[in-house]
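Top line first, the protein sequences correspond to chains A and B. According to the numbering used here, the stretch in the first sequence is residues 9 to 121, in order. According to the numbering used here, the stretch in the second sequence is residues 1082 to 1195, in order.
Hints in this document: simulated from the structure, not taken from any laboratory. Careful: at least some of the hints might be erroneous.
[Unchecked claim] Chain A regions said to be covered by chain B (calculated; three or more residues, Cβ under 8 Å):
(1) 27-35
(2) 39-46
(3) 55-67
(4) 102-110
From a predicted model like this one, the values you see are computed outputs, not experimental measurements. Beta carbons are placed, not taken as given, at the ideal position from N, Cα and C, and that holds for glycine.
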Amino acid sequence: AQKITQTQPGMFVQEKEAVTLDCTYDTSDPSYGLFWYKQPSSGEMIFLIYQGSYDQQNATEGRYSLNFQKARKSANLVISASQLGDSAMYFCAMREGRNQFYFGTGTSLTVIP
Amino acid sequence: KAGVTQTPRYLIKTRGQQVTLSCSPISGHRSVSWYQQTPGQGLQFLFEYFSETQRNKGNFPGRFSGRQFSNSRSEMNVSTLELGDSALYLCASSLRPATNEKLFFGSGTQLSVL
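Same shape as in the complex, but just chain A:
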């Protein structure tokens, strides 16, 4: 089974609108961390937001928030007030215990002016 599943290969959003990028994960380890990264066309991976498995509150970082639904094993990224510079690939990732990082296949987001 895939550890991280991102079912949206491509998404479009109007500038200034909010968008949700889906991510589901699979683990039986009670201790894990969930991450979102952004990869612009330049190629460098940029950290956006982190959620720990024991965190009670959903993580927020500026315009980014993580909708963490533990029972459903989902960790969706919400970007509010989209900007043209948000156009990029977005990767969901998980680390369980001291095991390796697992990355999803990514979602390509295009912000339309």
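Once you've looked at the hints, dock chain B against the given chain A.
This is chain B only, laid out in the frame that chain A set:
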């Protein structure tokens, strides 16, 4: 503080050759991991090193190897290159291998095998 530095940025090799990629982590970071990225495949984990010891290894053939030096710098080697090895190779560092430690990535080495 300098970020993660990967060299070279671009590399062109022919089938059968070998290649060595280098990664210098952020100062103070002792954990380094490597990933292969190809279009549509996301990031595939290669291996992770912490304090010169390989902690985790991905599902890649033995042609892919790596090591970490005492200054935390890491190298990755691919022997007997195949066309399918063409990819962006990303290195990432963190303070330590823990669930709450985010990865800092380098700009990657784009390897083309002809």
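Right, here's what the structure says about each hint:
1. Proximity of the region 27-35 of chain A to chain B, defined as three or more residues with a beta carbon under 8 Å from a beta carbon of that chain, is not established by the 0 residues found.
2. Counting residues of the region 39-46 of chain A whose beta carbon lies closer than 8 Å to any beta carbon of chain B gives 5, which reaches the threshold of three, so the coverage claim holds.
3. With a cut-off of 8 Å between beta carbons, the region 55-67 of chain A has 4 residues touching chain B; three or more are needed, and the interface restraint holds.
4. A count of 8 residues in the region 102-110 of chain A with a Cβ less than 8 Å from any Cβ of chain B is obtained; the coverage claim is therefore met, three being the minimum.
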